[in-house]
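**Student:** Each residue of the sequence shown is one higher than the one before, starting from 1 at the first, in my numbering.
Worth flagging that the hints you see were computed from the coordinates, not collected in a lab.
Do not take every clue at face value.
What the hints assert, rightly or not - For lysine to any residue, the following SDA-like pairs were computed, each having C-alpha atoms within a straight-line distance of at most 25 Å:
#1 Lys98 with Met41
#2 Lys151 with Phe35
#3 Lys61 with Asp175
#4 Lys64 with Lys94
#5 Lys61 with Ser114
#6 Lys94 with Met54
#7 Lys135 with Lys190
#8 Lys61 with Asp134
#9 Lys195 with Lys151
#10 Lys13 with Tyr80
#11 Lys94 with Asp175
#12 Lys195 with Gln99
#13 Lys13 with Met54
#14 Lys151 with Asp175
#15 Lys64 with Lys148
#16 Lys64 with Cys141
#17 Lys61 with Ser88
To be verified - Have a look at the derived ranges for each label pair, beta carbon to beta carbon:
#18 Asp63 with Lys33: 33 to 39 Å
#19 Glu89 with Asn16: 29 to 35 Å
#20 Thr6 with Thr34: 18 to 24 Å
#21 Ser131 with Asp50: 43 to 49 Å
#22 Lys33 with Ala193: 49 to 55 Å
#23 His165 with Phe35: 28 to 34 Å
#24 His68 with Gly139: 33 to 39 Å
#25 Glu89 with Asn53: 21 to 27 Å
Glycine included, every Cβ here is placed at the ideal spot set by N, Cα and C.
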Amino acid sequence: MNDIYTYYSFFNKLVNEYDYNAKDLWLYLDRIKTFEAVEDMSFLIRELCDYANMMNQLSSKYDKYPRHFLTTHKIACRNYNRMKKEFSEELFKKRINKQYECSFGDYIFIYPDSTQDIKDEATMQNNCVASYIDKVIDGECHILFLRKRNKPDESLVTIEVRNNHIVQARRRFNDDVTAEDQKTIDAFNKKFANKEDKAA
């Protein structure tokens with residue numbers, strides 16, 4: 001009986017406090033139970049509520065129904081304290097280098113306007129890019145977002161730039177970029193090969 005009460009208590013909390021759709025939530029939990037081999041539904045819904053609580057504090061742009069929930073929850077726990085850190089927006093804004101904002105074909109490169117933009121990217125991508133904010137402020141690198149021109153607000157590829165050269169590019173969950181992504185990255189590197197980093 002307690003397990004049933006716990007389940008519905010957390011289910012209602014997800015719906016009422018975190019704006020989950022009841023039908024979608026029910027179907028999602030059933031799918032995770034099946035495909036991630038979770039036997040204890042009370043455990044699963046507590047973990048999902050914990051995930052929603054953490055992510056909601058960091059960014060409103062988190063994925064409420066991640067495909068690989070248990071892995072996503074582990075990443076969220078790892079990143080939570082790091083992403084809660086407050087940074088100097090004034091120092092960050094001095095490092096912003098808009099010369100890197102450009103487009104190639106269907107792709108655009110976007111420079112974040114704030115440290116929260118980078119936290120949002122980390123949340124949407126389930127990666128550790130938030131740990132690079134100090135490096136940006138210290139002048140060690142730049143962080144860019146590679147996105148489709150017709151979907152500029154939809155996270156796609158997270159980019160690290162050093163000395164005008166892209167040294168790291170990762171899709172969600174740190175997956176490798178596609179061949180099409182790589183062509184755009186190569187075009188960026190060619191464009192900035194002999195240019196000076198004005199923000200350095």
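**Student:** Look at each hint and say if it fits the structure.
**Tutor:** We went through each hint and held it up to the structure:
no.	hint	result
1	Lys98 with Met41	violated (48 Å)
2	Lys151 with Phe35	violated (30 Å)
3	Lys61 with Asp175	holds (20 Å)
4	Lys64 with Lys94	violated (34 Å)
5	Lys61 with Ser114	holds (15 Å)
6	Lys94 with Met54	violated (30 Å)
7	Lys135 with Lys190	holds (24 Å)
8	Lys61 with Asp134	holds (22 Å)
9	Lys195 with Lys151	violated (28 Å)
10	Lys13 with Tyr80	holds (21 Å)
11	Lys94 with Asp175	violated (31 Å)
12	Lys195 with Gln99	holds (10 Å)
13	Lys13 with Met54	holds (14 Å)
14	Lys151 with Asp175	holds (20 Å)
15	Lys64 with Lys148	holds (22 Å)
16	Lys64 with Cys141	violated (31 Å)
17	Lys61 with Ser88	holds (22 Å)
18	Asp63 with Lys33: 33 to 39 Å	violated (18 Å)
19	Glu89 with Asn16: 29 to 35 Å	holds (33 Å)
20	Thr6 with Thr34: 18 to 24 Å	holds (21 Å)
21	Ser131 with Asp50: 43 to 49 Å	violated (21 Å)
22	Lys33 with Ala193: 49 to 55 Å	holds (51 Å)
23	His165 with Phe35: 28 to 34 Å	violated (40 Å)
24	His68 with Gly139: 33 to 39 Å	holds (35 Å)
25	Glu89 with Asn53: 21 to 27 Å	holds (25 Å)
Violated hints, in rising order: 1, 2, 4, 6, 9, 11, 16, 18, 21, 23; the structure is consistent with all others.
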